[in-house]
Amino acid sequence: MPHRITSARKLMQGNEACVHGALYAGCRFFGGYPITPSTEIAEGMARLLPKCGGHFIQMEDEIASMASIIGASLTGTKSMTATSGPGFSLMQENIGYAYITEVPVVVVNVQRGGPSTGLPTKIAQADTMQARYGTHGDYQAITVAPASVRECFEQTVKAFNFAERFRTPVTMLTDEVLGHMREMITIPESGELEVVDREKPDVPHEWYHHFEITPTLVSPMASMGDGYRYHVTGLVHDQDGFPTANPNEIKAKMDKLRNKIVRFADEVTQLDVEMVDDAGIVVFAYGTTARAARQAVHMAREKRIRAGLIRPITIWPFPDDQLRELLAHVRRVLVVELNQGQLIHEIERVAPKTCKVAGLTRYDGEVLNPVEIFKRILEVK
Amino acid sequence: MMADPIQSSNVTYDYLRVKKRFPNVWCAGCGIGTVMGSIIRAIDKMGYSKDEVALVSGIGCSSRLPVYCDFNTLHTTHGRAIAFATGVKLAKPSLKVIVVTGDGDGLAIGGNHFIHACRRNIDITTVLINNQIYGMTGGQCSPTTPHDSFAATAPYGNMEKGFDPTTLAKAAGASYVARGTVYHVQQLDKLIYGGLNKKGFAMVEAFSNCHTYYGRLNKEGDAVAMLKLMKEHAMPVKAAKVLPPEKLEGKFLTGVLWDVEMPEYCELYQNLIDSFQEKDKE
Ligand SMILES: Cc1ncc(C[n+]2csc(CCOP(=O)(O)OP(=O)(O)O)c2C)c(N)n1
Ligand code: SF4
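Respectively, the protein sequence lines represent chains Z and P. Going by the numbering used here, the residue at position 136 of the first sequence is 136; the numbering climbs one at a time, nothing skipped. For any residue, its number in the numbering used here is found by taking its place in the second sequence, counting from 1, and adding 1000.
Keep in mind that the hints were calculated from the coordinates and are not lab data. Careful: at least some of the hints might be erroneous.
Stated by the list, open to error - As a list, the in silico DSSO-like pairs of lysine-lysine whose alpha-carbon atoms are at most 30 Å apart:
#1 Z/K256 - P/K1020
#2 P/K1019 - Z/K253
#3 Z/K51 - P/K1279
#4 P/K1231 - P/K1161
#5 P/K1279 - Z/K253
#6 Z/K353 - Z/K381
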C-alpha cells in the first residue's frame, strides 16, 4: 500500500518529517523503544505503518529493536529504528552485526546530552563520534545530519538510499531541537525524490553467493524465503556467509567492508557550502548548530568580514578531499559544535598547514546562538 | 500397527549442508546433534519446504546448530536470537520461524527477549537446549546450573538456584510448553512437532548433556553415563499425575506441560492491516 498524506503543505516537527520521509522511502518495518526526544518517530510509525501495510513493533529494549529491524530487513523489508543516546549505546553490538552481515537498516539518533541518562530533554551533538566508532572492530560508517524539517524528510530518504545502495546500516543524527521544531514543509510528490532499492540476485540458487565480491563490492541481496537459502552470521565469513578462519578470506571480507564505502564515498558526500570562495574565515558546523552558524556568517558579512560556511550534511565518511580543497585558500576555520570538541579533531586532521583551526563549543544543554558564534568569529578572524 | 512416520524415517541427511559444513564443531557424544535431528524430522513431518523455514540462533555451542542445516539460517548475537526472529516473523509471517538457543543464551543474556516473546505470543517455536552450563566458553555457571553444582565460575558450588525454563515460559504467556531430553529422541521429535503445529509462541526445552564440562565438573561421567541419568530421572507428565509426591522426588517432568489456544500476534496485526484496507475500499 502506498503512503499518502492528505495535504502536501504541512506544518511539521522534525521527528514527524522523519516518519514521512521513511514511509516515502518505502520503509515498512519499525522496531523501537520509547525514549525522549525521539519518541514521536515511534508513535508516528505506530499510527501510519499498519495503514501502509507495514509493521510496527514496540520491542522490550533497544537491543531487541535493533535486532528486530535487521531480521525484518533480511526478509526484504526496508526497516528503521529511532532512539537517543542511551538507546543508541544499547544498539551498538547489533549495529556491528548489521555492518558485518551487510544488512541495510536506518537508525535515527535524536541526540540529547550525555553520557548516561544525561540531559533527556536538552540538545547536544555529542554522539558524533559514536555514530562513527560506536561498535567494536573495523568498519566504515555512513551518517547523515539534516538541519531543517524539510531536510529531516529528505535525509531520511537519503539514509534509506545509502543503506540500500551499500548494504550497510546508516545513521541519521538529528537533535532535540530539530526533532521538536516545527516548520512548514511541502511533501514531495511520489517520484520527485529518488528512491533506491537494494539490488536482488538474478542468478539461479546454485550460483548465488550472498557475499559475492562484485566490482562495486556490494553483493546482490536475496530476501529470506525467495528460494535462495543462505547463512548469515556475525562471525567473519566467506562469500557464501559461512564462518572462515582463512586469513585470505578474512582479509577479503574486511577489505570489502571498507572499500565498498571508501571507494565510492563521493556518492554519499553532501556538503552545503556558502560564501567560501573569497572567505578568510570559514565556520564548520552541522545540524541545528549550522542554522545559528549561518546567521553568524551573515552578521559577519554585514560587518565586511569575509566569512563563509561549510555544513556537512553527510558527516561520515568525513569529506576529507573536498575539505582539503575548500580550505586551501582559507586562513581560519572555526569548528562550532554542541559537545566538548569532536569534529574539530577531524578538521585538524584535514586542514592544510596554512589554515588555523579554532573551536567553539557548548555542552550545557543549550543551543549556541548566532551572536555567540559571531563574537567568536571576531576573536579568531 | 502402522509405523509412526517420524520414527521410521531417516530424512535428516537431506536437510543437512553435508558437503559444506561437516565435520561439525561439537564434542563427540554431545547432545546438540541429537536435537538437530529432532528439529529436522519435525520440520519434515510438517511438510515445510526448505525455503519457507528460517532457523535463527544466538551464540553458544547449541546456537551453532543452524549452520549445518539447509534452510534460511541466521546465527545472530549472544542472547538476541528471539529478537531477530521477531523481526523476521513479523515482517514476513509466511516464514516458519524456529529459534535454537542455549540455557545461557536464552535465559541469561537473552532472558528479557524470551519472556517478552512468550508474552506477545508471536508464532515462533523456540527450542531451548538446556545443558545446565556454558559449553562454548568452557563450563561457566548458567541460569539453569542447579544449586550446589560445580562450574568453572562456581568452583565451590553454585550458591544461586536454577531457573525452570518451562514454568518461566508458561508464566510469561507462551501457548505451548514442553520438555524432552536427548535420551528420549522419539518423544523429542514429537514435542518439537507439537510446537511447530502450534499457532503462537511454543517453547520446547531439550534437556541435553555437556559431558565435556558439566559432566566432568560434577562427576556425572561421559556422554553415555549422562544419558543414563536422563533416563532415570525423566518422568512423563502423564505418569506423574497418578504417582504420590514422594515418588517424584529427584525427577523432572517430560512431555507437553502446557498447551492452550490464544490469539497470535502476527494474526492480530494482519487483522489491523486488513481493516485499513477495507476502509480504503469503502
Ligand atoms: C555479548 C557477549 N557476551 C559473552 C559472549 C561469550 N559467550 C559465548 S557463548 C556463551 C555462553 C553460551 O552458553 P549457552 O547459551 O548455555 O550455550 P552452550 O554453549 O552451552 O550450548 C558466552 C558467555 C558473547 N559471545 N557475547
Ligand atoms: S562443550 Fe559441551 S555443549 Fe559444547 S559441544 Fe562440547 S559437549 Fe556439547
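Comparing the hints with the structure gives:
1. For the hint pairing Z/K256 with P/K1020, the CA-to-CA distance comes to about 23 Å; that is within 30 Å, so the pair holds.
2. Straight-line distance between C-alpha atoms of P/K1019 and Z/K253 comes to about 23 Å, which keeps the hinted pair within the 30 Å bound.
3. Restraint check: the Cα-Cα separation between Z/K51 and P/K1279 comes to about 10 Å, which is no more than 30 Å; the hinted pair holds.
4. For the suggested pair P/K1231 and P/K1161, the alpha carbons sit about 23 Å apart, so the restraint of at most 30 Å is met.
5. Between P/K1279 and Z/K253 the alpha-carbon distance is near 49 Å, which puts this suggested pair outside the 30 Å criterion.
6. For a cut-off of 30 Å, the pair hint linking Z/K353 to Z/K381 stands: about 16 Å separates their Cα positions.
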